[in-house]
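Participant: Single-letter residue listing:
Protein chains: 2
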Amino acid sequence: MAVLRRLIGDALRRERLAQHRTLREVSSDARVSLGYLSEVERGQKEASSELLAAICDALEVPLSRVLRDVSDELALAELGAMHAVAAPVGTLPVPGARPSLVVNRAA
Amino acid sequence: MAVLRRLIGDALRRERLAQHRTLREVSSDARVSLGYLSEVERGQKEASSELLAAICDALEVPLSRVLRDVSDELALAELGAMHAVAAPVGTLPVPGARPSLVVNRAA
Chain A
26 MAVLRRLIGD ALRRERLAQH RTLREVSSDA RVSLGYLSEV ERGQKEASSE LLAAICDALE
86 VPLSRVLRDV SDELALAELG AMHAVAAPVG TLPVPGARPS LVVNRAA
Chain B
26 MAVLRRLIGD ALRRERLAQH RTLREVSSDA RVSLGYLSEV ERGQKEASSE LLAAICDALE
86 VPLSRVLRDV SDELALAELG AMHAVAAPVG TLPVPGARPS LVVNRAA
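Line order of the protein sequences matches chains A and B.
Going by my numbering, the first residue of the first sequence is number 26, and it counts up by one from there.
Going by my numbering, the first residue of the second sequence is number 26, and it counts up by one from there.
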C-alpha cells in the first residue's frame with residue numbers, strides 16, 4: 026500500500042529539485058534541521074502539521090497543492106489496488122494503459 | 026492559519042457522524058484506542074500514515090478522498106489569508122460571497 030508520508034516526501038522532494046535548491050537551503054529557510062528534512066523527503070519520518078507548513082512556506086508552494094498532488098497519486102494507487110483485487114483473470118490492464126480506462130467498473 | 030491535523034480531524038469526524046457511528050465502533054474497527062481517535066478527530070494529535078489509513082479503512086472511505094476534501098478546504102483558507110493581506114481597502118468581500126468571486130486577481 027502507498028504510505029502517505031512517502032508520497033508527501035516524494036512531492037516535497039520533487040518540488041525542491043524542480044526549484045534547483047539544496048536540502049541545506051530549504052531546511053535553513055524552513056528552520057528545520059537538514060537531517061529532519063531529508064528523512065521527511067525519504068518518507069522515513071512523519072512531518073508534523075506545523076513543520077509541513079514551514080517546509081511548504083520555504084518552498085513557496087501552497088500546502089493545499091502538495092496535498093492535492095498527493096491525493097491524486099493516492100487515488101491512482103487505490104484504483105490500482107482495487108483493480109488488482111477485483112479484476113477477473115483475463116482483464117488485466119495493458120501495460121502503460123491509463124488506470125481510468127482499465128478499471129473494472131462493474132466491480 | 027489552518028492547521029492540517031485539525032482539518033484532517035474535522036474531515037474524519039464529519040465522515041464518522043455522517044455514518045451515525047460512535048467513536049467506540051470506529052476505534053474498534055480501526056484497532057486504535059478510543060482516546061487516540063478522539064484526539065485525532067479534535068486535531069490534538071497527529072495521526073501517523075498507518076493509523077490514518079486504518080481509520081479510513083474502518084470508515085470505508087478512501088484516504089485520497091479525505092485528503093482531497095482537506096486540500097480543498099485548505100485552498101480556501103489560503104485564498105482567504107492571501108486576500109486578507111493583498112486586498113486594498115474597499116475591495117473586501119461581501120459577507121457570504123464565494124471566495125472565488127472576490128479574490129483580487131491582480132494581487
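Hints should not be assumed to be uniformly reliable.
Put simply, identical chains are the same to the list, so a pair is met inside one copy or across any two.
Below 25 Å or equal to it, Euclidean Cα-Cα: the simulated SDA-like pairs (lysine to any residue) are [as the list claims (entries may be wrong)]:
1. Lys70 to Ala109
2. Lys70 to Ala43
3. Lys70 to Glu40
4. Lys70 to His45
Since the hints were derived computationally from the structure, they do not count as laboratory data.
Participant: List in ascending order the numbers of the hints, as given earlier, that are violated by the structure.
Facilitator: Hint 1 is the one this structure does not satisfy, whereas the remaining hints hold.
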